[in-house]
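Here's the letter readout for the chains.
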Amino acid sequence: MAAYLLRRSLQSIITFLVFLTLVFFLVQAQPGDFTSFYVLDPKVTPESREAIRESFGLAKPVWQQYLIYVKNFFRGDFGVSFTQYPKPVLSVLVERLPRTALLFVTATVVSFYAGFALGKVIAWSRGKAVEYISTVGGVYLYTIFTPWLALVLIWLFAFRLGWFPVSKFIDPDLWVNATVDANLVFNLLILTAGVLLATVGLATFLLRLRQGRWRWPQSDALLLVVGLGFLGFIVLAWGLSGIGHLALDIVGHMVLPVLTLTLISFAGTMLLTRASMLETLREDYVLAARAKGLSERAVRDRHAARNALLPVVTSFVFSLAFAIDGSVIIETIFSWPGMGLTLVQSVQSEDLPLAVGAFVFTGLLALFAHLVADLLYLFLDPRVQRR
Amino acid sequence: MMEGKYDYGPQRVGVAESLWRTRLRLLLRNLRQDWATFTSNRVGLVGLGIIVIYGLMGLAHPILMGWVWDPNVYDPVIVRALEYQAIPQAAPPSFSHPLGTDPLARDILSQLMFSAQAAFTLGTVAALVTVFIATPVGAVAAYYGGIIDALLMRFADIVIMLPPLSLLIILGAFFGLNLITLGVVIGIISGFGTTAVIVKSQALSIKVRPYIEAARVAGGNNWHIIFTHLIPNLIPLSFLYMMFTATAAIFSEAVLSFLGILDVRMSWGLMIHTSWRQGYLLSLGEFWWLIVPAGASITLLCGSFYLVGRALDEIINPRLRQL
Chain F
880 MAAYLLRRSL QSIITFLVFL TLVFFLVQAQ PGDFTSFYVL DPKVTPESRE AIRESFGLAK
940 PVWQQYLIYV KNFFRGDFGV SFTQYPKPVL SVLVERLPRT ALLFVTATVV SFYAGFALGK
1000 VIAWSRGKAV EYISTVGGVY LYTIFTPWLA LVLIWLFAFR LGWFPVSKFI DPDLWVNATV
1060 DANLVFNLLI LTAGVLLATV GLATFLLRLR QGRWRWPQSD ALLLVVGLGF LGFIVLAWGL
1120 SGIGHLALDI VGHMVLPVLT LTLISFAGTM LLTRASMLET LREDYVLAAR AKGLSERAVR
1180 DRHAARNALL PVVTSFVFSL AFAIDGSVII ETIFSWPGMG LTLVQSVQSE DLPLAVGAFV
1240 FTGLLALFAH LVADLLYLFL DPRVQRR
Chain U
55 MMEGKYDYGP QRVGVAESLW RTRLRLLLRN LRQDWATFTS NRVGLVGLGI IVIYGLMGLA
115 HPILMGWVWD PNVYDPVIVR ALEYQAIPQA APPSFSHPLG TDPLARDILS QLMFSAQAAF
175 TLGTVAALVT VFIATPVGAV AAYYGGIIDA LLMRFADIVI MLPPLSLLII LGAFFGLNLI
235 TLGVVIGIIS GFGTTAVIVK SQALSIKVRP YIEAARVAGG NNWHIIFTHL IPNLIPLSFL
295 YMMFTATAAI FSEAVLSFLG ILDVRMSWGL MIHTSWRQGY LLSLGEFWWL IVPAGASITL
355 LCGSFYLVGR ALDEIINPRL RQL
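The listed protein sequences derive, respectively, from chains F and U. Following this note's numbering, the numbering of the first sequence begins with 880 at its first residue and continues without gaps. Following this note's numbering, the numbering of the second sequence begins with 55 at its first residue and continues without gaps.
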């Protein structure tokens, strides 16, 4: 186990170095260099361009540039953004990453639960009309052109019904006299979401215990009371803090993007659960469970679904990694200032250091998620360990 | 090629049928059986029907442009200055323009049909590149194992790790992408990445089958075994992943041209981009023909390739067949 962990981490580090090298040579393969931007600028003479090349080390041989690049990367120095001039790339990314993260973690968690619950039901009703309708519907929801779905949702909920704001992160009218920073409120929101998630996890764990040996009749009601009380406490705390309406503004801006994302990734989880269930349904232990005379529901939920969970959980982690990649689409349409929008905007405004930084960061997160997925698999499927 | 070199064809046993004919007969019988399995899956048939409809639309466009439609009015890309005044811009559907016109007074139906060609070109290029890379890579990695396998699979790990959409955006911004180069890039990403890994795992199970051993005993060298025994048995799986690559390619193209990064004359993504940038987004109710036909086309075609892929999956992977 420890050896595997070590080998896998080492492998990830090497993979990342190769990735970094790839990105470096991708930038190098472009005709010209950073100073080419100023070729048409009459204020920048060829001599001063040469001076810029010298001072930025662009005149050095490629291998030297490469070593400097790698060294700077591990120091956390990604360069300076062109469009937001004195701001270093890293600070732009650090500001924007949590926004993407909250958006996508919320959507992924919701869609994972819903997709798994529905997927196991439709796998069970094989050959019925329900299965055909939800499979075809699921496939088209899965492959739907994301911008299109988002535009339709914006038109319906933001424009026609006016329930939610059309786009952006905050409503400037509301914040013009605010004494607090939007990032501070947002970070507090993330903290709340984290605490909430941990509580739900703990409650699920306690429920599990109840189902096991520790039978405890009143625990259901107790959990409900404690849960509701906790939720009430959080709402009250936000209401009394004086920035509650500002937090509500951010949450309101989040609803539509989260809804769009949930609709899309929900279908993927549902289809995967269905396929995985169809495979487990053929196993002997499902037949044995039926032969024992268990109820259909018990066979489905306890025997089939638990074993079908494995690929779904892995895909959950992967989808978190690729969420940041997919954020490009959603964030552009909703003008949500996260990683994806940063990438698109920096590419469109030729802000090279920021574009490369955002891309490397995305790759780093993807790599990390793959590592987590592998370790999770090891933990969930003991058969892998034995190999 | 085999018959001349090793004389163990059916002729020797006294069967009055030549080897290629036996093979053809077996192939046809398999195809008939597979077709029966495929048609028993209604979901797959729906997908195939939609793909055929879009294919016909793409094929019909040059014919319509040549003989039926006036190219001055119906050109999908170029706005002719003279007629620009005469045709109302963003006009609702009418008899002469069944799906209306876009903000630059171009006919939407003509654009839709023209873009179908682009989608099919892209899907075909991406799918072919994927298969031509993934099949040999998977077969070689599984057959030789050892260091070759390790190198190819670690490379696959790196390719899988790359965030595809961000990579395409970066490539589009740095070097510029058109339909063909985009197809090739998507094909390479899929061919060296996911598809290669899946094909390899299939090749591993084929490698240990008796007929491979028999071919080796009969004196076949490595390349002979890989190309005449291993790869033909991998083709069905590769074909399945061609479908999924086509889905991914059409979707990526739509996203890139929607963001305005792709260098393409006309595509469904670009049609939505145009309406979005011209400010018709919030008038979706009144100007539905600007966004709905293009968006529906992307969704339908992507979904159909995916449905066909899933139906093929049931043929190739018997574990998924209905009990």
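Simulated from the structure, these hints should not be mistaken for laboratory data. Misleading hints may appear alongside valid ones.
Said to hold, decoys possible - Not the full set, but computed from the structure, chain U residues with beta-carbon under 7 angstroms of chain F: (1) 103; (2) 213; (3) 219; (4) 223; (5) 230.
Said to hold, decoys possible - Which bits of chain F does chain U cover? Going by a derived footprint, with three or more residues having C-beta under 8 angstroms, they are: (6) 950-959; (7) 998-1005; (8) 1204-1212.
Predicted model, so just to flag it, every value in this text is computed and none were measured. Cβ atoms here follow ideal geometry from the backbone N, Cα and C, with glycine treated the same way.
Against the structure, the hints come out as follows:
{"no.": "1", "hint": "103", "in the structure": "12 angstroms, violated"}
{"no.": "2", "hint": "213", "in the structure": "10 angstroms, violated"}
{"no.": "3", "hint": "219", "in the structure": "5 angstroms, holds"}
{"no.": "4", "hint": "223", "in the structure": "6 angstroms, holds"}
{"no.": "5", "hint": "230", "in the structure": "11 angstroms, violated"}
{"no.": "6", "hint": "950-959", "in the structure": "violated (count 0)"}
{"no.": "7", "hint": "998-1005", "in the structure": "violated (count 1)"}
{"no.": "8", "hint": "1204-1212", "in the structure": "holds (count 5)"}
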